[in-house]
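K.L.:
Below, each chain spelled out in residue letters.
4 protein chains.
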Amino acid sequence: MMTQTTNLISEATPTLLGRTIGHLRRIWRTPSSNTIADELQLSPELNPGDSEQLIQWMDGCLLQECNEVTARNRAVILGRSYLRLNEQGRSRFLLLLAEHYGINNEQIEDCFQLWKNAPAEERAKAGQQLRESLDPPRLRLLTQFNGLPEGVKFLVDMRAELLTLKKTYPQLAELEADLKRLLISWFDIGLLQLEQINWQSSAERLEKLIAYEAVHEIQSWDDLKNRLDSDRRCFAFFHPNMPNEPLIFVEVALVKGLANNVQTLLDEAAPLQDIQQADTAIFYSISNAQPGLAGISFGNFLIKRVVARLQQEYPHLKQFSTLSPMPGFCRWLEQQNESELEQLSGGKQWLQLKSDSDISGHMPPAEAREPLLSLACHYLSQVKGRGHLSKDPVAHFHLSNGAQIAQLNWLADSSAKGLQQSAGIMVNYLYQLPQIESRSQDYSQQGSVSLAQSLKPLLKL
Amino acid sequence: MMTQTTNLISEATPTLLGRTIGHLRRIWRTPSSNTIADELQLSPELNPGDSEQLIQWMDGCLLQECNEVTARNRAVILGRSYLRLNEQGRSRFLLLLAEHYGINNEQIEDCFQLWKNAPAEERAKAGQQLRESLDPPRLRLLTQFNGLPEGVKFLVDMRAELLTLKKTYPQLAELEADLKRLLISWFDIGLLQLEQINWQSSAERLEKLIAYEAVHEIQSWDDLKNRLDSDRRCFAFFHPNMPNEPLIFVEVALVKGLANNVQTLLDEAAPLQDIQQADTAIFYSISNAQPGLAGISFGNFLIKRVVARLQQEYPHLKQFSTLSPMPGFCRWLEQQNESELEQLSGGKQWLQLKSDSDISGHMPPAEAREPLLSLACHYLSQVKGRGHLSKDPVAHFHLSNGAQIAQLNWLADSSAKGLQQSAGIMVNYLYQLPQIESRSQDYSQQGSVSLAQSLKPLLKL
Amino acid sequence: MMTQTTNLISEATPTLLGRTIGHLRRIWRTPSSNTIADELQLSPELNPGDSEQLIQWMDGCLLQECNEVTARNRAVILGRSYLRLNEQGRSRFLLLLAEHYGINNEQIEDCFQLWKNAPAEERAKAGQQLRESLDPPRLRLLTQFNGLPEGVKFLVDMRAELLTLKKTYPQLAELEADLKRLLISWFDIGLLQLEQINWQSSAERLEKLIAYEAVHEIQSWDDLKNRLDSDRRCFAFFHPNMPNEPLIFVEVALVKGLANNVQTLLDEAAPLQDIQQADTAIFYSISNAQPGLAGISFGNFLIKRVVARLQQEYPHLKQFSTLSPMPGFCRWLEQQNESELEQLSGGKQWLQLKSDSDISGHMPPAEAREPLLSLACHYLSQVKGRGHLSKDPVAHFHLSNGAQIAQLNWLADSSAKGLQQSAGIMVNYLYQLPQIESRSQDYSQQGSVSLAQSLKPLLKL
Amino acid sequence: MMTQTTNLISEATPTLLGRTIGHLRRIWRTPSSNTIADELQLSPELNPGDSEQLIQWMDGCLLQECNEVTARNRAVILGRSYLRLNEQGRSRFLLLLAEHYGINNEQIEDCFQLWKNAPAEERAKAGQQLRESLDPPRLRLLTQFNGLPEGVKFLVDMRAELLTLKKTYPQLAELEADLKRLLISWFDIGLLQLEQINWQSSAERLEKLIAYEAVHEIQSWDDLKNRLDSDRRCFAFFHPNMPNEPLIFVEVALVKGLANNVQTLLDEAAPLQDIQQADTAIFYSISNAQPGLAGISFGNFLIKRVVARLQQEYPHLKQFSTLSPMPGFCRWLEQQNESELEQLSGGKQWLQLKSDSDISGHMPPAEAREPLLSLACHYLSQVKGRGHLSKDPVAHFHLSNGAQIAQLNWLADSSAKGLQQSAGIMVNYLYQLPQIESRSQDYSQQGSVSLAQSLKPLLKL
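The listed protein sequences correspond, in order, to chains A, B, C and D.
Read left to right, the first sequence gives residues 1 to 461 (our numbering).
Read left to right, the second sequence gives residues 1 to 461 (our numbering).
Read left to right, the third sequence gives residues 1 to 461 (our numbering).
Read left to right, the fourth sequence gives residues 1 to 461 (our numbering).
None of the hints are false.
Each pair of labels, with its calculated beta carbon distance range:
#, chain 1, residue 1, chain 2, residue 2, range
1, A, Gln312, B, Asn47, 35 to 43 Å
2, C, Gln276, B, Ser185, 36 to 44 Å
3, A, Ala211, B, Gln88, 51 to 59 Å
4, B, Asp274, C, Gln53, 23 to 31 Å
5, A, Pro365, D, Pro149, 48 to 56 Å
6, B, Lys116, A, Asn47, 32 to 40 Å
7, A, Ala308, C, Glu195, 26 to 34 Å
Far from chain D, some chain C residues (derived; all Cβ distances over 12 Å):
#, residue
8, Gln56
9, Pro137
10, Ala211
11, Ala214
12, Asp222
13, Gln277
14, Ala278
15, Asp279
16, Lys318
17, Lys391
Please keep in mind that the hints were generated in silico from the structure rather than gathered at the bench.
Glycine is no exception: its CB is placed at the ideal position from the N, C-alpha and C atoms.
Construct the complete structure from the given sequences, taking the supplied hints into account.
P.N.:
In structure tokens form, the structure reads like this:
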């Protein structure tokens with residue numbers, strides 16, 4: 001379920017990783033007061049001849065007798081060496097880690113036997129040893145990279161690289177899973193901080209928004225400034241050890257009534273709203289910022305925390321809603337055969353219109369309004385993907401969070417992507433705090449979808 | 001090795017815990033916008049009748065089908081309920097957690113068999129399941145308490161309470177170990193921040209120093225101000241989720257030459273030193289602040305980080321040294337029988353003096369200087385405790401960190417404790433960065449102690 | 001009117017000035033990279049022989065051809081020299097400044113004539129020159145001391161010293177007035193910042209509260225912490241160039257109903273109030289912190305700004321009131337002769353009681369309640385000092401601010417000072433925003449005092 | 001001298017003022033808790049009919065009997081009314097202020113007579129009254145606008161508007177001068193803060209750099225980021241009451257050797273310099289940011305403060321130099337007649353080249369190098385403007401600061417402006433701290449120019 005979530009929320013482009021490496025190389029320069037005589041000298045592509053040396057070094061880091069300070073110093077030097085490698089070198093480094101320093105099956109079996117046969121008073125200790133045998137040494141090594149400046153971000157980016165590489169090298173999967181376990185414990189939601197981002201934030205933080213936003217791309221610093229104006233809010237989760245890197249962020253507009261068009265929201269020339277008059281908060285964009293945290297979801301917490309915070313700060317806000325795309329709608333529509341569509345409300349009319357003219361990727365004609373909205377309503381509320389869960393990933397995300405499908409908006413997103421994926425239609429998912437809990441459970445357990453009363457007629461033939 | 005370290009560095013008094021509970025009760029008030037209808041209603045002492053209800057609630061938190069946000073909300077309510085209990089109630093709560101929600105032996109065995117017999121391509125997944133079976137559900141529950149305000153500090157204090165309680169209830173040992181594992185991953189040294197504390201720090205932080213310092217007790221705010229004056233430095237490690245709670249802190253004096261008397265250092269009336277003239281940094285007090293983090297050592301990192309930082313900021317500093325007690329010296333001296341002592345340098349003279357007059361707990365007479373310094377030198381450098389490691393815990397701590405025994409100071413601590421434990425003698429342990437690494441290894445592996453050339457004559461008969 | 005205000009609000013003790021000088025000497029050390037070859041070498045007591053050298057130096061600072069950077073560098077050296085002087089030396093320095101570098105009467109007359117006879121188009125320029133002729137050169141010199149670290153505080157303290165010295169040396173009065181003019185322009189209320197002070201503030205700021213509070217002395221850091229607890233507020237005005245020095249501060253308690261006893265408010269053992277239930281803010285102490293800013297009043301702004309801020313933050317607060325002493329009451333009472341007192345409500349009864357027993361400085365007996373409250377009410381609302389303004393300085397301060405005399409509290413301050421000055425009675429002055437403006441004008445223009453309806457019976461015979 | 005300085009340093013474009021007004025209108029909204037019943041209701045263009053009402057209001061603000069808090073409240077309402085006016089309305093408002101509320105000549109004469117005839121003991125008081133009679137009431141009124149949010153910036157911008165308007169309405173000159181006096185006292189250099197600006201600064205601050213830089217225009221946020229990279233520094237003076245508004249800022253590059261080409265410095269694609277290797281700080285751009293502070297110079301302080309700060313932070317820096325244009329060179333060259341030029345080193349060759357081809361505004365040919373550099377050297381060091389001071393404004397600025405003309409760089413600025421004004425030549429002015437003082441005096445008093453030994457041959461025929 002979590003992995004799905006991250007499919008839906010837009011991901012940062014991988015180019016940032018390249019930039020990060022350059023940045024880290026600069027700030028990880030060997031300090032002049034280095035107490036270990038010689039650094040590791042590796043060729044950029046990590047020639048096979050270097051592997052020997054590398055393994056010796058890693059052995060050194062993991063020696064039992066090595067004290068912790070020394071072990072960490074060595075790990076730091078290892079981290080610096082990794083950064084000096086080129087793309088090929090980094091792959092080889094990771095493959096080498098994947099091959100060595102994993103868990104030892106025999107040791108596990110031994111520990112298991114010891115545990116199983118341990119007398120009651122030694123069970124706990126034997127259990128602890130069994131646990132440790134399941135902890136690969138390479139994970140201990142990787143952990144220690146956090147001692148480098150911006151080391152946590154470094155590990156997050158290493159996982160991003162592993163997620164890409166493991167498509168080519170399946171043998172990296174376990175290493176990637178090791179790293180994921182580590183990151184799950186560090187990025188526990190209770191350790192994160194919800195922070196507001198605005199025009200007073202540092203340029204260093206703000207340029208990350210531009211880089212990471214992908215739902216409705218930020219075109220320029222002027223566009224960004226408009227999105228941070230006095231009638232807008234932007235919130236992000238941060239990890240205290242990555243203070244300049246948002247993990248996930250949401251953009252909110254404070255408006256009067258349910259917003260029904262995203263271009264209007266993003267129009268830089270539009271007049272500023274008086275937030276004293278606003279009664280509705282519209283969540284119009286939510287982006288995951290760290291590909292290296294894929295599968296570690298924060299989105300379901302973010303919206304609710306932001307709702308709670310806005311409600312406290314602006315008690316006159318009465319509604320909290322998204323303005324969301326239906327990314328899978330057009331694809332689904334195309335895949336249905338005629339006989340299936342004919343069974344659905346609006347299906348026949350749609351087939352008629354479709355055959356009359358080519359309307360894909362264009363602004364749909366006025367007469368398509370009724371049939372397409374009906375089909376969209378059916379798609380969102382009735383069409384299932386895995387089990388009893390909604391096929392549309394965005395719908396699934398908000399429904400599992402306890403939201404209601406509240407309104408469908410015609411000609412609400414006239415961007416190329418909006419027309420191509422959602423036929424220009426956008427959805428308002430409504431977050432009503434008192435019902436969130438029960439709706440979330442009804443959906444998760446039985447697949448029941450909360451649909452606003454006003455939309456139900458759309459489903460009738 | 002780690003546990004020993006924490007024996008040596010002074011620990012905070014447990015009274016703070018009581019204060020914290022009152023403080024947390026205040027900041028954890030049930031919010032008015034609570035979405036879950038009813039809180040848990042428990043009697044303060046957690047009567048047996050309440051256990052049923054409590055178990056049901058905990059079951060609810062751990063249900064598979066419960067979504068993560070709901071699960072965390074319930075955990076938070078559980079945490080608030082725990083806080084409202086009195087001491088007896090809290091013990092019962094913890095005992096109940098210890099009894100239930102531990103690991104399931106049968107499940108472990110099943111997982112192990114599945115893993116052992118898994119085909120290669122399913123090994124990783126099976127390994128992951130085996131790992132999870134070793135993770136007790138109660139740990140998942142406790143983790144989620146971090147969502148409460150100051151939740152991380154809450155868990156640290158819960159472990160402190162467990163460490164005390166497990167002396168009475170050994171069945172709490174595993175629960176305590178669970179919590180320790182959690183805290184080890186969160187308090188990894190690479191995630192901590194080294195920060196300077198001075199008179200510009202908040203009163204909230206500073207009052208913690210007064211509460212936690214125990215090597216040389218801070219008598220008053222004036223005493224504290226004197227220790228933070230322009231010729232002093234104080235550094236602490238902080239965890240980002242506990243920003244007002246130092247984990248460990250060290251007090252440093254910038255002086256000319258090796259300081260040889262601690263009362264002089266602490267004298268509020270002493271003139272301020274011109275730090276432009278200082279060539280030596282004296283580490284005269286190091287205190288662990290969090291009993292709940294016992295066994296998770298930061299001390300060996302703290303000194304070296306502070307040395308590095310001071311060196312960069314004040315390049316004219318040439319020496320980094322402690323001014324330390326010998327807490328085990330007098331006890332050891334008393335335990336030696338006469339024939340053994342006679343073999344040692346200074347032993348005969350000491351036996352003579354001792355028989356002549358009662359000198360325990362008093363300022364030792366001038367003629368005891370030579371024999372006692374000799375015996376102290378022998379004690380520190382030759383007397384072994386576990387294996388080849390020094391018997392004196394402070395000596396062990398600094399030697400394993402790579403320091404040298406550089407100087408012994410006569411009449412250096414005239415406090416009651418100083419006379420009683422160390423016969424008023426104090427030691428300078430010298431940290432010389434280029435030799436730290438090798439000295440640390442020599443000591444850890446072979447027990448070799450680095451002793452300044454000038455002290456060696458003291459060992460000769 | 002301003003000078004009176006500062007008489008009423010408690011002033012800081014002058015000892016702080018001595019401390020400041022020591023502090024400044026430390027932070028004003030001659031920098032090593034000094035570009036001016038030789039500093040001024042003066043004897044600590046500024047022997048007459050040094051005056052010559054000093055005058056030459058000052059001449060150098062004020063030379064027309066000297067560029068501004070050089071002039072300021074020289075002024076800074078002059079400032080450092082001043083600091084190295086002892087008390088006598090500083091007096092002589094100031095006397096020398098007072099004697100030289102004042103305004104030049106002939107030059108003023110010339111400028112005036114030039115201005116008077118100037119053709120229209122040159123009038124403005126001539127006016128500017130006349131203005132400049134009235135600006136004494138020593139003021140230009142003093143201004144430049146602001147370039148020293150904490151230079152603004154230095155000048156404030158210099159004026160404090162002048163205010164004391166001019167009692168002995170009247171010839172310093174003009175120099176003091178010069179400095180006052182300078183400080184008035186810098187300490188314009190619009191340039192000041194209202195800031196909250198709490199337990200998260202720096203110890204450096206907090207120790208100033210302890211030093212400067214004089215209405216109800218702060219006994220210890222524990223007492224201070226109690227006054228900054230969650231049901232208390234403390235606000236101060238700060239000047240941006242004196243960030244660690246409050247100019248004036250007020251202590252507020254958030255309570256239910258009008259507080260009627262100050263010892264209860266200050267009791268550290270009293271239970272914490274739930275501020276969600278509070279409906280009243282009690283201003284129970286207001287202190288001027290800088291003797292050097294005497295006559296530059298901020299008090300009338302402070303209360304209103306704090307009222308506005310509290311009202312916004314805690315909309316459930318319904319009343320804003322002081323709990324104030326009547327510092328002149330007992331003195332006034334003693335000075336009245338019998339025949340006058342007999343005319344007043346309560347007068348006869350009081351004379352009777354007084355003659356029966358000695359009650360000065362003791363807790364007054366219950367039967368004195370009615371007569372003393374009546375006399376107090378008369379004293380506050382009817383007895384005039386200068387013109388039609390109230391004789392009691394505290395009453396005058398709050399009435400000119402637009403407050404109402406709302407309640408008199410019997411046995412409300414049992415401290416020695418409270419009994420001696422106010423017979424233990426305290427007053428609630430009520431600030432009701434809608435009426436503040438008109439009440440302030442009625443009082444200032446006609447001396448009309450706003451008295452609560454409930455108090456009026458006290459005035460009737 | 002000051003006014004000249006501001007001619008030389010680039011000024012911000014006036015468009016910002018318009019933006020500011022919009023911004024202020026937003027943040028000065030009438031608060032809901034307004035205690036004065038009715039605001040001023042004026043027509044946007046301030047029709048003549050409104051003047052009456054306005055004057056009444058201003059009278060109200062200045063009434064003697066009005067207490068200070070009320071007076072300031074009224075002034076604030078006046079400020080809000082001013083902001084709601086359009087351009088014409090604002091002119092009329094200012095003209096009205098200029099006409100009324102100035103100084104009163106008769107009152108001045110009276111005060112002068114009183115002062116002149118005052119007995120010694122009343123002289124000081126009479127002097128003070130004379131001073132006050134020279135203080136126009138409108139200045140008191142304007143001062144109180146500082147109570148509005150961002151009020152100080154508001155007054156700075158009002159003066160900027162006055163500086164423009166007084167060209168059309170000379171009668172505004174005195175009002176402008178009043179405001180200037182006020183700003184001079186508030187913007188005293190000792191009250192300003194030198195702060196570093198970098199990529200961690202807020203976007204709100206950074207966008208001001210883009211708007212205000214005019215020496216070498218900032219093309220984009222990428223250009224800006226390049227100028228704030230790790231081998232660059234940017235420093236600005238800030239006033240504490242205008243925390244988001246730099247007053248003046250300087251851009252510095254840390255390089256190896258004297259930089260001799262500005263396009264190279266600004267090239268975003270150029271590799272990052274290792275600042276550990278840098279030995280020279282190049283000041284390549286200095287911009288005044290506030291047109292409203294014209295004539296209040298900070299530039300001479302800024303460079304020296306930055307030099308001192310850089311020297312402390314990077315002790316390995318050995319040289320501090322500018323890379324500056326010669327804005328008046330080409331104009332001067334054109335204005336010389338042939339016979340004059342022939343007398344100068346390089347003059348004949350230049351006349352020859354010039355007659356051969358049209359070279360104005362183009363990259364000058366290689367053979368022009370010698371003659372043009374010679375003429376440039378003559379121009380900078382020998383050609384005088386006012387009195388004995390250099391004709392070139394940039395040269396004058398740096399020479400009066402105590403710098404040396406150290407190097408002339410051929411083809412150093414190939415921008416259109418650089419070719420047109422300076423024939424592409426740029427100058428390094430060298431700041432050598434030990435000589436700054438004496439060079440500055442020699443130049444100011446006798447016009448002696450410090451010219452590097454290596455440049456002197458250029459002057460020989």
